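Colleague: What follows is each chain in one-letter form.
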Amino acid sequence: MVMEDKALSLFCVIVNFGEGSKVLKAAKELGVTGGTFLLGKGTVKNSILNLLGLDEVRKEILLMVIEESMEEKLNEHLTKKFHMDKPNHGITFSIPINHLAILNGHEYISKQKLRGADDMKYEAIFTIVNKGLSDDVVEAAQSAGSTGGTVIHGRGAGSHDTAKLFNIEIEPEKDIVLILSETDKTEAIVNAIKDKLNIEEPGKGVIFVVDVNRTFGLYRK
Amino acid sequence: MSLLLEKFKEVLSSVLPVTVLVMILNFTLVPVETDMLIRFIIGSVMVVIGLGIFLFGADIGVTSIGNLMGEEIARSNKAYVVAILGFILGFFITIAEPDLQILANEVSSASGGSIPAPLILVVVSIGVGLMVAIGLFRILYEKPLNKLYTIVYFIIFVLGLWVSEEFLAISVDASGATTGAMTTPFILAMGLGVSQLKGGKTSEEDSFGLVGIASTGPILAVMILNIIAGADKIVGEAEVFRAPSGIIGPYLEEFSIIIKEGAIPLIPLLVIFIAFDLLKFKLNRHRRNRILKGLVYTYIGLVLFLVGVNAGFMDVGRIMGYGLASMQHNWLVPVVGFFMGMMVVLAEPAVHVLTKQIEDVTAGHIPRKIILFALSTGIAFAVCMSLLRIMIPGLKLWHFLLPGFALGVYLSHKVPPIFVGIAFDAGGVASGPMTATFVLAFAQGAANAIPTANVLVDGFGVIAMVAMMPLVALQLLGLIFKIKAGREGIDVNGNGR
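Protein chains in written order, with my numbering: chain A, 10 to 230; chain B, 114 to 610.
Because the hints were derived from the structure by calculation, they are not lab data. Keep in mind the model is a prediction, meaning the values are calculated, not measured. Idealized CB from N, CA, C, for every residue including glycine. Incorrect hints may have been included.
As the list claims (entries may be wrong) - Chain B regions said to be covered by chain A (calculated; three or more residues, Cβ under 8 Å): (1) 473-486; (2) 588-597.
Claimed, not checked - Below are the DSSO-like pairs computed for lysine-lysine, each with C-alpha atoms no more than 30 Å apart in a straight line: (3) LYS595/B / LYS213/A; (4) LYS482/B / LYS31/A; (5) LYS37/A / LYS469/B; (6) LYS469/B / LYS31/A; (7) LYS120/B / LYS54/A; (8) LYS213/A / LYS203/A; (9) LYS314/B / LYS194/A; (10) LYS122/B / LYS34/A; (11) LYS34/A / LYS50/A; (12) LYS37/A / LYS597/B; (13) LYS120/B / LYS31/A; (14) LYS37/A / LYS122/B; (15) LYS213/A / LYS194/A; (16) LYS469/B / LYS68/A; (17) LYS597/B / LYS203/A; (18) LYS90/A / LYS482/B.
Said to hold, decoys possible - Just the calculated beta-carbon pair ranges, DEER-fashion: (19) LYS597/B / LYS50/A: 26 to 34 Å; (20) ASN84/A / LYS373/B: 51 to 59 Å; (21) VAL384/B / TYR131/A: 46 to 54 Å; (22) LEU117/B / THR88/A: 21 to 29 Å.
With the hints as constraints, model all of the structure from the sequences given.
Modeller: Following this line, the structure appears as structure tokens:
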């Protein structure tokens with residue numbers, strides 16, 4: 010396994026349903042390796058539509074793990090291509106990824122600790138795997154001391170798995186597992202998931218860790 | 114407002130193809146009277162607006178109620194509650210379906226009055242009620258869909274041996290008639306609600322298939338009625354067709370009928386919703402109002418849609434069918450039918466609801482376009498073969514239905530489970546108001562011009578074909594999906610590894 014010292018970030022794009030795949034395609038032109046889509050609902054701020062009850066729109070949320078240095082360029086490219094600077098054309102934002110991520114068989118460990126890292130007691134571990142494997146992820150995490158996980162249903166397209174049917178791309182279904190863990194347990198949990206699901210093999214999945222400032226309601230043993 | 118524009122763009126793109134086809138035919142092969150052509154254009158506009166409003170309403174109204182009911186059923190966790198609620202819901206939404214009332218009257222007169230119309234109505238509704246209850250049990254007790262379909266269609270096959278050919282057509286038509294524009298989204302959403310709340314590994318594939326099961330109810334019911342009553346020849350004559358004249362007149366006439374008919378299927382939904390909201394859901398004001406607004410939209414949309422189709426499309430369909438069939442080259446009839454079937458299904462209201470639900474459940478994994486492609490191709494062949502059957506006296510309906518359903522059941526053991534549910538649901542979904550009026554009128558028009566055909570007898574069975582073909586087409590799509598995915602290393606089935 011290759012370890013690299015690079016800062017990563019989680020780049021999120023929220024657009025109307027059906028636009029997501031186009032955005033990912035544009036992002037791939039810049040070298041992004043893949044992305045995961047979640048479905049959601051957005052609201053429109055318009056008093057007439059509110060009155061009519063027509064204020065809900067289907068949205069797609071696209072998550073991409075990229076190198077932090079690429080952020081600026083990607084943002085510029087997407088803004089230009091999809092006119093994100095205009096209203097109702099979608100929004101983008103990015104979140105710094107903590108010192109740990111496994112992506113395309115590369116393990117990224119950033120040496121530089123992020124700001125105020127000492128105060129943080131919790132981290133959020135995101136694991137994205139093929140659909141149906143979420144139970145294995147949660148099981149592995151629990152064996153390493155996690156109390157549980159939340160499974161979100163989505164679809165994704167990496168560099169390994171796009172098939173075409175009648176010229177329409179079929180993006181496979183994915184399970185996204187969100188696990189909140191105490192900082193000192195994170196590494197053990199990530200390793201347990203990694204070993205159980207062979208994440209270090211390309212195409213098996215993605216893990217990344219995001220800092221959490223505060224948590225409430227988390228069960229403590 | 115871009116939101117509204119988006120929606121209407123989508124609707125426009127699904128109604129425009131059939132409008133263009135009719136226009137092309139008008140200027141090349143079968144010119145129709147100017148009055149009728151203007152009516153058709155007005156009808157197209159009404160269909161676009163009506164469909165748009167209907168889909169908005171279905172989304173926030175009917176579908177929401179279906180989901181809530183499904184969740185309530187799953188939450189009850191008691192077998193008798195599931196059975197009773199499933200039966201009551203299935204029964205009442207079916208008995209209020211205007212299409213079924215029309216069919217009941219037709220069947221009654223076709224059987225020479227030996228089966229009274231109200232009896233048909235009640236028996237078919239009981240059939241749907243029972244099958245909905247069985248379908249819900251299946252989801253909760255995790256019985257595989259393909260096994261249930263195999264058993265039910267085997268029973269249908271055995272009963273079919275005793276039923277005359279005419280009634281075979283009527284019974285399968287009945288299944289198309291009961292899954293109307295209003296009931297289909299409701300049953301679809303109910304299945305989704307139950308399986309989502311229940312969760313578990315199979316929740317995705319269990320979200321589909323309830324419409325497919327419900328639509329076997331009428332087949333069984335009409336067959337049993339026929340065997341008991343023993344009428345096996347269709348008697349009587351089809352009504353003599355008079356093309357109405359004028360532009361506004363036919364619209365006013367249809368409007369006054371449909372404004373009443375359209376309200377009837379809403380009543381059970383409204384009553385059920387209000388009763389359950391008071392007792393169980395206890396929604397906040399905002400959500401309740403939203404759902405009620407949704408129901409109002411569905412009603413307005415459906416009335417506009419149906420008036421447009423009935424006053425604008427039906428006569429044109431009939432004239433075109435007649436015109437093409439009386440030409441020297443009447444082989445054009447099935448060819449035109451092929452394209453008509455391909456385009457008409459895009460304008461079916463419930464098709465939009467189904468494809469949206471598929472996208473939601475699979476998070477966009479199975480794209481809408483692919484489902485539409487398969488469905489279009491399937492219906493194209495269905496209409497084409499229906500017309501061949503009318504033209505060639507030796508060709509019987511069961512020559513298509515028997516191998517079709519047999520293949521459908523066989524494929525259900527070969528394809529990824531989610532496609533089984535989608536395919537059997539699509540059978541009920543595709544045979545909606547657009548097929549029941551426009552395609553049927555086209556076929557009847559053709560039958561009128563062909564000396565060996567009988568308008569009344571051959572008219573039955575067209576909807577049956579449209580209900581049968583999606584089973585084959587969408588499951589074949591599932592098979593391609595599986596093969597393709599197997600080669601590229603994608604897991605469609607969702608079972609991992």
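Colleague: None of the hints should be skipped; say for each whether it holds.
Modeller: Going through the hints against the structure:
1. 473-486: Result for this restraint: holds, n = 10.
2. 588-597: holds (count 3)
3. LYS595/B / LYS213/A: holds (20 Å)
4. LYS482/B / LYS31/A: Holds, because 15 Å separates the two Cα atoms, which is no more than 30 Å.
5. LYS37/A / LYS469/B: holds (27 Å)
6. LYS469/B / LYS31/A: holds (19 Å)
7. LYS120/B / LYS54/A: holds (17 Å)
8. LYS213/A / LYS203/A: holds (10 Å)
9. LYS314/B / LYS194/A: Within the cut-off at roughly 29 Å; holds.
10. LYS122/B / LYS34/A: Holds: LYS122/B and LYS34/A sit about 24 Å apart, inside 30 Å.
11. LYS34/A / LYS50/A: The given pair, whose Cα atoms are some 22 Å apart, holds under the 30 Å limit.
12. LYS37/A / LYS597/B: holds (23 Å)
13. LYS120/B / LYS31/A: holds (19 Å)
14. LYS37/A / LYS122/B: holds (29 Å)
15. LYS213/A / LYS194/A: Since the Cα atoms of LYS213/A and LYS194/A sit roughly 23 Å apart, the hinted pair holds (cutoff 30 Å).
16. LYS469/B / LYS68/A: Holds, because 13 Å separates the two Cα atoms, which is no more than 30 Å.
17. LYS597/B / LYS203/A: With a Cα-Cα distance of about 28 Å, the restraint between LYS597/B and LYS203/A holds, given a limit of 30 Å.
18. LYS90/A / LYS482/B: holds (24 Å)
19. LYS597/B / LYS50/A: 26 to 34 Å: Distance hint for LYS597/B, LYS50/A holds at roughly 31 Å.
20. ASN84/A / LYS373/B: 51 to 59 Å: The hinted range 51 to 59 Å holds for ASN84/A and LYS373/B, with Cβ atoms some 57 Å apart.
21. VAL384/B / TYR131/A: 46 to 54 Å: holds (50 Å)
22. LEU117/B / THR88/A: 21 to 29 Å: holds (26 Å)
Hint check: no violations occur; every hint is consistent with the structure.
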